[in-house]
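**Student:** Chain by chain, the residues:
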Amino acid sequence: MPERKRTRLAAERVADLIQTLAGRGYTVIGPTVRDGAVVYEEIADAQDLPRGWTDRQEPGRYRLEPRADGAWFGYNLGPQSWKRHLFPPQTKLFTAERADGLFRILGPEAERRPRAFIGVRACELAAIAAQDQVLLEGPFRDGLYAARREGVFIVAVSCTLAAPTCFCASLGTGPQAPGELCDIVLTEVVNGADHWFLAEAEGARGAEVLDRLAAEPCTEDDSRRAGAAVYAAAQSQTRRVDCDGLREALEDNFEHDRWDAVARRCLACGNCTMVCPTCFCTTMEDFSDVEGSRAERWRRWDSCFTATFSYIHGGSVRTSVKARYRQWLMHKLATWIDQFGTPGCVGCGRCITWCPVGIDLTEEARAICRDGNDGNTVA
Amino acid sequence: MMPGPWQVRRVSKETPDTFTLVLEPLNGGRGGFRPGQFSMLWVFGVGELPISISGDPAEEKSLTYTVRSVGPATQALISRSVGQELGVRGPFGAGWPVDQARGRDVLVVAGGIGLAPLRPVIYHVLDHRKDYGRLVIAYGARSPRDLLYRKELAQWARQKDVQVLTTVDYGGVSWRGRVGVVTSLFRFMRLQPARTTAMVCGPEIMMRLVARELTTRGLAAGDLYLSMERNMKCGVGFCGHCQWGPHFICKDGPVFPYSRIAPLLDRYEL
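In the order they appear, the protein sequences are chains Z and R.
According to my numbering, the first sequence is numbered sequentially starting from 1.
According to my numbering, the second sequence is numbered sequentially starting from 1.
A hint or two may mislead.
In silico EDC-like links for lysine to aspartate or glutamate, alpha-carbon gap of 20 Å or less [stated by the list, open to error]:
#1 Z/Lys92 / Z/Asp338
#2 R/Lys13 / R/Glu152
#3 Z/Lys92 / Z/Asp289
#4 R/Lys251 / Z/Asp132
#5 R/Lys251 / Z/Asp338
#6 R/Lys251 / Z/Glu137
#7 R/Lys160 / R/Asp131
#8 R/Lys13 / R/Asp56
#9 Z/Lys5 / Z/Asp221
What follows is a list of derived Cβ distance ranges for each label pair [unchecked claim]:
#10 R/Ala58 / Z/Ala146: 31 to 37 Å
#11 Z/Gly36 / R/Arg142: 55 to 61 Å
#12 Z/Gly70 / R/Gly71: 57 to 63 Å
#13 R/Gly28 / Z/Gly143: 16 to 22 Å
#14 R/Phe188 / Z/His313: 26 to 32 Å
Since the hints were made in silico from the structure, they are not lab data.
C-beta atoms are modelled at their ideal positions from N, C-alpha and C, and glycine is treated no differently.
Just need the whole structure built from these sequences, with the hints factored in.
**Tutor:** Dropping the structure here:
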């Protein structure tokens, strides 16, 4: 285990961090404000960061509001996750050309640019780990994902505030960004004019970058204050998922009135699956030119909320919205554990915020487990 | 995720809507599969489909598929002519327990096109006759003209220690065979449950009833195997479509022991 380098970084040094990474050849991708939301896009410098903005989130609602203290990372999460960049919504798998009845496949152009991600939240690191497990660590390995994932320089930022929709603390995925999977962990401490970062390097690559930033040594007190800010964010979370016995309780309540009740509200729009940082389902689309001499095969995000998702000849397996919602929630909180050993939910709360009717999976899970059909109280 | 180029070497009509295609590799690809496995077959510019391999597992130079036309993509598949190319990925999935069944009687129960993924088992058992006990094939189809591999069925029936039973849902005037669902054949077979491994493939409702009937007749749930079907886009556990409760049918299945999946079969819209 490489030693953890711990320093104190003046607030304005964020600009140097971006420049240093860019200087090392990284394309820097970070949070920026676009169309009234914080999104993750290529950024040129610190000016692009959502400084002075915060987000107000609640079920079915997201708004950006100005904040006075000049915090660089004074928001929680926008609609996009890093999945947008590691596992893009649409990917061309290959192009094929045909002549005389024979075809030739031209391979995919894999992403090879070295990239640096800035502002990755703890829950998002957990989500990246979850997608790694699905796409890299099974019996098969997704080469396109591997190419995009490999070598990414990750600057994580621990949260010092929590949106009402956050529940990472109950799942153990945040708000403190863990050292694994990233190169630098920042914790922003902002208290009037007292504005700085606790910057921790994980491994040689992160330490080498931190060395360039005129970081000062960090005192015990600095560490304590940063830790306290993160702890306060955890304490302020009001939503939670109680994992104890949850999988079993959901399994036991495959038939439950609550599924019918939520299906009456659910629009089956699939927003929750699009904003979810762990959802990995895709479909394939084939295109050909009019002559039929050139064809392309594309992979596109899909959603288990569509009727066609479960289609086999003769009809769809999950015809009702109830069955589709149940598939999604059960996958996140129960069957994902069977498949991969952890829940498929990281507690980011995006599905709650971006649900047009504000369905809250923490509430649904609790209701299903609390009022078991068999009359037993589970949670 | 990249299909390899294979060429159609033979196309034969099995029934009015079902064809068998024999493919040979170009570019040095090779055959070889375990009975019960499937491939993803890609038609240029049309799409890709999971199709079970229906040929002889001992044949390494080619791969054989039996395809029923149920939509545009399957129609495109069976419309290929000799010399044309297809993209092949695979073989994928867990197959039938032909090794565990060694030394035991083998009961094959098939419904409709479900006989196709089971034919490699029949070939394998007949190729290794001494390794297995009796082979019983119970096969049901909708009508006499929907019966697959009719010549082979007759041929298999003539072999020693092989019993072939067929039935159809609707017989018509010229049919002299049995009429009824496939479970109605069970009273005609001499089943020794303790020494029998059953392999079942067909519509889900048929498999559920077959499994129930066979366990009632004393077959252990662990000696009974079903081949499941769901929508599949990738075949390797990435696309998520074939999830069935905790299972990815493409990589955990498609063949499952009944003992592992019995509770799931009763879950509607799972």
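**Student:** Determine for every hint whether it applies to the structure shown.
**Tutor:** Cross-check of the supplied hints:
1. About 31 Å separates the Cα atoms of Z/Lys92 and Z/Asp338, which puts this hinted pair outside 20 Å; it is violated.
2. A distance of roughly 14 Å separates the Cα atoms of R/Lys13 and R/Glu152; the hinted pair therefore holds under the 20 Å criterion.
3. Straight-line distance between C-alpha atoms of Z/Lys92 and Z/Asp289 comes to about 15 Å, which keeps the hinted pair within the 20 Å bound.
4. This hinted pair checks out: R/Lys251 and Z/Asp132 have alpha carbons roughly 17 Å apart, not beyond 20 Å.
5. Under the criterion of a C-alpha separation no larger than 20 Å, the hint pairing R/Lys251 with Z/Asp338 is consistent with the structure, at around 14 Å.
6. For the proposed pair R/Lys251 and Z/Glu137, the alpha carbon gap of about 14 Å is at most 20 Å, so the pair holds.
7. Straight-line distance between C-alpha atoms of R/Lys160 and R/Asp131 comes to about 14 Å, which keeps the hinted pair within the 20 Å bound.
8. The hinted pair formed by R/Lys13 and R/Asp56 meets the criterion: a straight-line CA distance of about 18 Å does not exceed 20 Å.
9. A threshold of 20 Å between alpha carbons decides the hint, and for Z/Lys5 with Z/Asp221 the separation of about 16 Å falls inside it, so the pair holds.
10. About 36 Å separates the C-beta atoms of R/Ala58 and Z/Ala146, a value consistent with the hinted range of 31 to 37 Å.
11. Between Z/Gly36 and R/Arg142, the C-beta spacing of about 58 Å keeps the proposed range 55 to 61 Å intact.
12. Between Z/Gly70 and R/Gly71, the C-beta spacing of about 59 Å keeps the proposed range 57 to 63 Å intact.
13. Taking the beta carbon of each, R/Gly28 and Z/Gly143 are about 20 Å apart, inside 16 to 22 Å as hinted.
14. A C-beta distance of roughly 31 Å is found between R/Phe188 and Z/His313, which places it inside the suggested range of 26 to 32 Å.
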